[in-house]
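As they're listed, the protein sequences go chains A, B, C and D.
For the first sequence, this note's numbering begins at 614 and goes up steadily by one.
For the second sequence, this note's numbering begins at 614 and goes up steadily by one.
For the third sequence, this note's numbering begins at 614 and goes up steadily by one.
For the fourth sequence, this note's numbering begins at 614 and goes up steadily by one.
These are computed hints drawn from the structure, not numbers from a lab.
If you're wondering where the values come from, they're calculated on a predicted model, not measured in any experiment.
Mixed in with the good hints, there may be bad ones.
The list treats identical chains as interchangeable, and a pair is accepted whether it falls inside one copy or across any two copies.
Lysine-lysine pairs mimicking DSSO-like chemistry, simulated, CA-CA at most 30 Å apart [claimed, not checked]:
hint: 1; residue 1: K647; residue 2: K661
hint: 2; residue 1: K707; residue 2: K647
hint: 3; residue 1: K647; residue 2: K664
hint: 4; residue 1: K664; residue 2: K707
There are 4 protein chains.
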Amino acid sequence: MAGCCQRLRLDDGAREDARQRLRSVRGHVDGILKMLDHPDTYCVDVLKQIKAVQGGLDRVGGLVLRAHLRDHVTTANERGDVEEMVEELMEVLKYR
Amino acid sequence: MAGCCQRLRLDDGAREDARQRLRSVRGHVDGILKMLDHPDTYCVDVLKQIKAVQGGLDRVGGLVLRAHLRDHVTTANERGDVEEMVEELMEVLKYR
Amino acid sequence: MAGCCQRLRLDDGAREDARQRLRSVRGHVDGILKMLDHPDTYCVDVLKQIKAVQGGLDRVGGLVLRAHLRDHVTTANERGDVEEMVEELMEVLKYR
Amino acid sequence: MAGCCQRLRLDDGAREDARQRLRSVRGHVDGILKMLDHPDTYCVDVLKQIKAVQGGLDRVGGLVLRAHLRDHVTTANERGDVEEMVEELMEVLKYR
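One chain only, chain A, in its complex shape (with noise of 0.2 Å):
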């Protein structure tokens, strides 16, 4: 697998940009917890707040997709792995 070389890690400013926004959606999903204790919550508020988590992570998979293409696919003719780069990554976005 490719994620074993040390050269493919994911960049260091996307790194910390990436989890800034993951400890935004880790404070939206305690949100939605607390929502959750009260026995009034109304089904549309909950899933209004899922929603918006789930844009919260669409954007952190853009951050981390984007300096992936950028940094390991792009250049990965040079490297020899175009088969295994492509076959990994379009196992991850079937999943968009």
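Start from chain A and add chains B, C and D according to the hints.
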């Protein structure tokens, strides 16, 4: 807003189920945050974890949506708030 | 299946609207097929057109879904087919 | 735009494959249009067919995306158009 009425609240069983699943989502987000503390983390491993969390959130959303349809949407005509219930639901589904 | 009853049919206005939009989707698909006849077609231009067609289909789906919620789902409790209507709808939304 | 260069064109095999699948998508769309000619058509049956067509379009998109990644994105660093290729691709993936 329909959300104001006490009758329209998330079913207790579904609410407890959503809490349990959302706690597991939060644990998963914490796991990704730990991954991001390591400078060697590989992009695609982060993307895989994000997809897994999104799958977990989809399941929480599906649970709440099912309870909402069953308890509130299918009874809208009797309550006389068809228009509001439909608009509100379409709004939430738009982001799926 | 709820689909068997004549009462449960797509509203005439929504049906005509869906037809018009779907004809436009078909025209768009024909356009992509013409693009693919050209050996010089660029991948990303095809991907852009596919996304546009998917947007068009989403709008047709939204139109039909709204009519279904309004005319059939919100009256399910009166008809006594809540369970079937909810299951059937969750099944279709699963693929969103 | 990268699309201008003749080198950057959809691989012949993938192009022919995409055409075949897209013809099948068009046939499916024609089928839904025929359904909509019948006044008794049930909403959920239309929604099911729309999801099936979206699945077909996803497969065409996946085919084209894979060829694009393999033939153009993984060689971007050698060509010197990393920035453009990444932006262009992120733009298309945004709508997924």
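Results of checking the hints against the structure:
no. : hint        : in the structure
1   : K647 / K661 : both (15 Å within a copy, 27 Å between copies)
2   : K707 / K647 : between (32 Å within a copy, 25 Å between copies)
3   : K647 / K664 : both (16 Å within a copy, 24 Å between copies)
4   : K664 / K707 : both (20 Å within a copy, 10 Å between copies)
When the structure is compared with the earlier hints, no violation turns up for any of them.
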